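Novice: Listed below, chain by chain, are the residues.
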Amino acid sequence: MSGNNSTTVGTLRGGNLQNRNSQRSTLLKVVILGDGGVGKSCLMNRFVSNHFDEHSFHTIGVEFLNKDIEINGEAYTLQIWDTAGQERFKTLRTPFYRGSDICLLTYAVDDRTSFKNLALWRSEFLYYADVQEGSTFPFIVVGNKMDVPDSEKQVSTEEAQAWCAENGDPPLVETSAKDATNVEAAFGAAVAAWAQLEARLERPLVEDTVDLSKQQSPHRSSCCMPVSGAE
Amino acid sequence: MLSISSEINRESSSMDREFRKKGNQRMMHFGNLDESHPYYMIAAARMSQKPETKPVTVGRIYWKFAAFNFIHKRIQETDGGFFENLGTLLAEKVRAQEQQEGPLPKRKDEKTEEEEEETEDDLSEEGTIEEPVEALLETDSDRDENEHATNFLAESMGWNIEELYAALVFMIQHQIGYDVSKECELETLLNYLQNAFKVDNDVHERVLDETRNMEPPEMHLNVEVIEAKELVSKDSNGKSDPFCALYLESAPTRRYNTAVKTFTLSPVWEEHFELDFDAAETVPEKMSKVKDVKGVRGLVKLAKEIAVTATTGSHDNEFIGRCRIPLKDIPTTGHTMWYSLEKKNKSKRRGVVKLRLAFSAEHNAQVAAQEYRHLIRVLLLHEIETQKIEKYCWCGRWSAPAEVLLLQHSAQRGLLARNVTLAQWIEYARIHQEHPLNFTVFNKLAIDLLRPMENGLFSPDETKLFWDATKKLLYSCLNSVRKIRRLPAGDKNAMTQLSAILGILSSISSLKVPADCNLFPAKMYSWFLDPDEAPSVLQALEYTVEQGGVEWFEHILNNNFPESESDEDALKHHIKVIQLIRADLQNAIDNYDKLFIKRINLPYARCLYMTYEKRISDMCMIITEDICGRLKRIEIENADVELNLGTTLFELYLALQRYAILGQVLCAEGQLEGMKVQSYHEWFRAGVAHWLDIAVYKALKRIDRAVEFDTLQAVDNSVQYSSSAVDTLTIFYQIKVFWTQLAWPDIEGSYTFIAKIIDDICKCSIAYADKMAKKAELTTDLEQLSESSVYEKKFVVSTAWCFAINNIDYIRTSIGPLANDLGLQNIVDALAESKTQEEAERCQQTLQLIIDNATDTVRNKIIELLQVVANKMAPAMNRYLMEGAELIDTTSNSMERLLQYLDSNLTTLHDYLNEDNFERILLVIWDTISESLFQLVHNNLERRRPPSFYSNLHRSLHTLIRYFNIGADEAANVRVLEKIEHLLELHGLETAELIHRYHQERIKEQNELDESEYGQITVKAQFVDNSLNIQILNARKLRPVDSNGSCDSYVKVKLLPEEKFADVKLPKTHVQKENLYPLFDEIFNIPLTNEQRNMENAIVVFELKDKDFLRSRFMAEAFLPFSEIAKTGSDQRIESLEQIHLMLSRTDVIQALEHRKGDNQATEFLSKLSSKAERK
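So the sequences go chain by chain: A and B. Everything in the first sequence is counted per the UniProt record's numbering, starting at 1 for the first residue and increasing by one. Everything in the second sequence is counted per the UniProt record's numbering, starting at 1 for the first residue and increasing by one.
Calculated from the structure, these hints are not laboratory results. All figures in this text were calculated on a predicted structure; none of them were measured in a lab. Just to be clear, a hint being listed does not mean it is correct.
The list that follows gives simulated cross-link-like pairs (lysine-lysine, DSS-like), each with its CA atoms no further than 30 Å apart [stated by the list, open to error]:
(1) Lys471/B x Lys594/B
(2) Lys835/B x Lys67/A
(3) Lys701/B x Lys93/B
(4) Lys198/B x Lys388/B
(5) Lys90/A x Lys153/A
(6) Lys492/B x Lys464/B
(7) Lys774/B x Lys90/A
(8) Lys471/B x Lys391/B
(9) Lys492/B x Lys472/B
(10) Lys614/B x Lys90/A
(11) Lys391/B x Lys594/B
(12) Lys116/A x Lys178/A
(13) Lys178/A x Lys90/A
(14) Lys90/A x Lys676/B
(15) Lys90/A x Lys572/B
(16) Lys1054/B x Lys1107/B
(17) Lys1073/B x Lys1127/B
(18) Lys239/B x Lys90/A
(19) Lys835/B x Lys178/A
(20) Lys388/B x Lys523/B
(21) Lys239/B x Lys348/B
(22) Lys763/B x Lys67/A
(23) Lys90/A x Lys763/B
(24) Lys67/A x Lys90/A
(25) Lys523/B x Lys471/B
(26) Lys153/A x Lys178/A
(27) Lys872/B x Lys774/B
All chains, please: the whole structure from these sequences, using the hints.
Specialist: Following this line, the structure appears as structure tokens:
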């Protein structure tokens, strides 16, 4: 599961094989959405490499990083797709929605518009990910830039909670990629939400037959991700 | 064990011998390995194979199996060749289309001089054009020429036609000039004239009679004395003062003198004279000879010559020289010549004089010009009629009689050259409207008219006539340009005409159009957007070129219709339109562009391109965005319907792409920016994204089929993978070809699409791996179902499994090259250029991560499969291990069978797996077998198993270790190995041995102690011969065991192994009461047999016991191996030896012995031990 080539040999040999069996990690595709400039890339970089770049660029189309985490004793490999928020990238990012397992809807607490746009992002995602509206999908709402002074905040926690309550009640996490507040928690909450939903669904596992219609299943269309772990 | 190995060797030696020979030198690092070892053979075999050195590219792989695919079409057929359609087939289509369209024109600056030369062509050589150019305006519906034509002649004849006729009849009877009528008899001319004027015989005869009786015409000889030079000097100063006298010899007294130019030998006069003929003198003579002199010379006979006399001085004229010019030598049209002067009897040159000589008649110039125009009209119509001259063919060549008539008319009426030209221009233009003439005629006239027009030599009336005619002609010219597509492409004649048209336009455009003249009336030029604008000729041409394009575009639209209302047909229709337009542009580039630029400096192709661009863009943008807009979801049921649409959509894309590229070549930098077609790809974004989505779906479906059809047999002898791998890779390859074809022009877009494609390929690879695994399992089950009757049911590694694994690995290894083939590096480079280096690196990192992710995930899949295979082998291996262990006797062959089992499976694996995967599975199998072994041992510890069970397993383990050559590999699973080894060794011993092993371990433990909680004991010991002397001195820091916080201790001496010393009486000390530091100080002498004395590993045990009321209780013990006891002579007293301090200890774990419930010895030992423990 390591993305690092230098450990390839180790991965293949001996002891590690035993580990592989005992703790297979579940592969989850995570998509981060939100207006340009709310700090999507920063969230990802903070989470994956615990690094913050004050002067980061606009993301071009998409960026991609891997991260292994453990939640409630389960190992997960998150494939995080960070998207470009600018409108002109719309056609470039939407193809990546399909097959995702988790969606982070982000806004910046000092940017009211980005908060207002959450609904748009949500519906854009549902549309292009080919998820039936109304079905449950593990969304997480992330309010970034909590580090700004209170005077500059334009979106209150209560307001955000209210929005969540009206929109399928996804978990809300307020974060700061800059001072690393709640970033791990946000991704953790995301995975937990997924796991919870997965458990609730208890889909009959159709691993033995090749089932293409799986692509159409309510909230995940990837037929290639090992559903794993569940057994 | 060796015997087993050699037996295996014998089985396979014949085929391995060669390998071994080859491999020997390279096998040095296996030096510590038995040559008969199976692993050795495998390694040798592996090494003897040639390494694959060629780099793997997807293309290579693909083409290698193109042939294979050819016969393997059924996979593609299942989805209608979805990937091929968009990949190679699309590419082929496009290539064909490109060839049809022809190569792109080179940019201006790329043109070489040579090519420029070529464009000169022979267009200027306006030779005879005999073949008709049917295409020119032939089918122009704008005019009904046939209707007009009938009236036309009558109309033009209306005007005092008879008068003109008479004038001409008269003229041909009085022809002037030496050069005419040589070919044409008078009679011929008269006949011709009669026919041309359509005059009946009566009228003709009457006119002829009348004219015969008419006075001969009043003729003049116009002489211009221009200059003289090289005159002979007559004055003393070496110069002369010349003047010139002219006279007809028939009237020598009537002289015309020029002015006197003084002091020069090269005077310039430029004076005009009109020399009159004396009619009375000449007419009778002439008339009398009309009938009998052939080729009547007319006026020539009347005056023999003119004489030019140059004389000097004012009063006393001195003769310089003279020249005599016979009148018959003067051509009808007149001429300008240098004449030599001569003097009687003098041979010396006297100088030369330049004269212009021409005949003329006294006439009203306007009437004459009008007459002349009528004549042209009548004659030309006649010519056209009689000579059957096709349209656009007449290029100014008259028949001989017509030529004579025109010449005589113009000469006798004294028309100036420019008047003649103008008359031609006007009349030709008029006739051209009805019966188009060759444009080259006009081109020549236009050039001749330029100077007089520029210099204002024409009267206002003439100028007006000129522009009126020009207006008509321009319409024809422009119309021809507008209908340029009716010209046969590449036809030389057509090109000549076009060149002439452009020449005309160019000439006209250099003239200043009078303000009151609207050259381009709005009612004629409906296509000029602004009716009030008076465009220049050049602008008009540009508008016309555009209009031609617009009309052609509409023509195309009007003649091509989508076959149905489906999107598919709509797209096909659009593609067709673009192709037709493209063909037109190519024609423009190939045939006309250079000509337009050269002749009139109009970038024809560019002009057209831009005209078409607007329309194509508007048309295609709408349909593309509409169709793409409706493509957002995959409708699984309808996917097949949409597939073809997808193909067509991209054909349209590529057609537009080529169109856009053409524009980049044709147009200037600034012109491209506003062009919608340059961002054609934007319209297709959603389509591409959609296609990629469909592609994943289709790919998965096709992979299903590919796996289904796969027989898991090698595609051919040279490879170790089967059909589905090739099929799957074909899909990837086609996706790659599709992408390459797209040549997506936007870098950011390319980057994200590539990211998506790689991610998709990863998905497909994983799906393939999963399906392959199931397939392999199924296949193997089926294969081995037939063998199930065999007594031993065991999993045998099938080639199916090997192929499955190879297939997946093959796919895995192709992901990297494939990604590179997608143009990854180019994208990153381009990003670095257009963005920053840092951003480019981030993008590269993302792409690399996606690729690594893909390969890693697939590799993990492979390992999972290897694990599955190993797990399947586990039951059989377990059984063999078990059987081997159960048998007490080592002569059993179960180990041999295990190795055989392993060997046959590994041979299969080695033969069919590639090297990497073989290495991997070797490790996986080892892991599995060692795990099995561990489990086996562990599980059986609970049961009663004889020590031989374990010792057999132990031996098996060692065999296996050697078999797998684990020792050589440090990374192997050493931890488990050690655990098993230890357990097996322990449990494989005979009980006595085991007990003894226990004690030896105790010694080891004791020696490692620095301090003991049980205290320590001090002794001395010596061997004197076979006698063991022991002095027990004291014990210290004993642990209190009694309630009083002390103990009542004594030491008991034992010798181990107990059974060997059963006959020995063992001593013990006295009890030392209530003392934690008891002092014993007792010496014992223990006599031993020689055998006992020399026993290896024998041990003296000092058991410290607590003497209770009823029984004694074990406290702790200390061990002293015989090997550490000094051997002394009998003379050495024990007191003199060094004290030995032994740590006291005790142990709780005697697990092994506890399991031996049926073993008395063990039970006894344990009960003894437990009694020790109980007493604790």
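Novice: All hints, please: hold or fail.
Specialist: Results for each hint:
Under the criterion of a C-alpha separation no larger than 30 Å, the hint pairing Lys471/B with Lys594/B is consistent with the structure, at around 26 Å. Under the criterion of a C-alpha separation no larger than 30 Å, the hint pairing Lys835/B with Lys67/A is consistent with the structure, at around 27 Å. Restraint check for Lys701/B and Lys93/B: satisfied, since their Cα atoms lie roughly 26 Å apart, inside the 30 Å limit. Between Lys198/B and Lys388/B the alpha-carbon distance is near 17 Å, which keeps this suggested pair within the 30 Å criterion.
At most 30 Å may separate the alpha-carbon atoms for a hinted pair to count; Lys90/A and Lys153/A meet this at roughly 28 Å. At most 30 Å may separate the alpha-carbon atoms for a hinted pair to count; Lys492/B and Lys464/B exceed this at roughly 35 Å. Pair hint Lys774/B plus Lys90/A does not hold up; C-alpha atoms about 39 Å apart against a cutoff of 30 Å. Proposed proximity of Lys471/B and Lys391/B is supported: the alpha carbons are some 20 Å apart, at most 30 Å.
Simply put, Lys492/B and Lys472/B have alpha-carbon atoms about 25 Å apart, close enough for the 30 Å limit, and the pair holds. With a C-alpha separation of about 27 Å, the suggested pairing of Lys614/B with Lys90/A holds against the 30 Å cut-off. The hinted pair formed by Lys391/B and Lys594/B meets the criterion: a straight-line CA distance of about 26 Å does not exceed 30 Å. Distance restraint check for Lys116/A and Lys178/A: the Cα-Cα separation of roughly 23 Å lies within the 30 Å cut-off, and the hinted pair is therefore satisfied.
The hinted pair formed by Lys178/A and Lys90/A meets the criterion: a straight-line CA distance of about 26 Å does not exceed 30 Å. A hinted pair counts as satisfied when its Cα atoms are at most 30 Å apart, and Lys90/A with Lys676/B qualifies at roughly 20 Å. Of the supplied pair hints, the one linking Lys90/A and Lys572/B holds, its CA atoms being roughly 29 Å apart against a limit of 30 Å. As the CA atoms of Lys1054/B and Lys1107/B are separated by approximately 17 Å, the hinted pair is consistent with the 30 Å bound.
Using a Cα cut-off of 30 Å, the hinted pair Lys1073/B and Lys1127/B is violated, with the two alpha carbons roughly 34 Å apart. Between Lys239/B and Lys90/A, the direct Cα distance comes to roughly 99 Å. Violation of the 30 Å bound is thereby established for this hinted pair. Among the hinted pairs, Lys835/B with Lys178/A is consistent with the structure: their alpha-carbon atoms are about 25 Å apart, no more than 30 Å. Restraint check for Lys388/B and Lys523/B: the C-alpha separation of about 33 Å exceeds 30 Å, so the hint is violated.
Simply put, Lys239/B and Lys348/B have alpha-carbon atoms about 17 Å apart, close enough for the 30 Å limit, and the pair holds. Annotation: proposed proximity of Lys763/B to Lys67/A holds, straight-line Cα distance about 18 Å (limit 30 Å). For the proposed pair Lys90/A and Lys763/B, the alpha carbon gap of about 23 Å is at most 30 Å, so the pair holds. With a C-alpha separation of about 25 Å, the suggested pair Lys67/A and Lys90/A falls inside the 30 Å cut-off, and the hint holds.
At most 30 Å may separate the alpha-carbon atoms for a hinted pair to count; Lys523/B and Lys471/B meet this at roughly 13 Å. Of the pairs offered as hints, the one joining Lys153/A and Lys178/A holds, with about 16 Å between alpha carbons and a cut-off of 30 Å not exceeded. A threshold of 30 Å between alpha carbons decides the hint, and for Lys872/B with Lys774/B the separation of about 14 Å falls inside it, so the pair holds.
In the structure shown, a violation is registered for the earlier hints numbered 6, 7, 17, 18 and 20, in ascending order.
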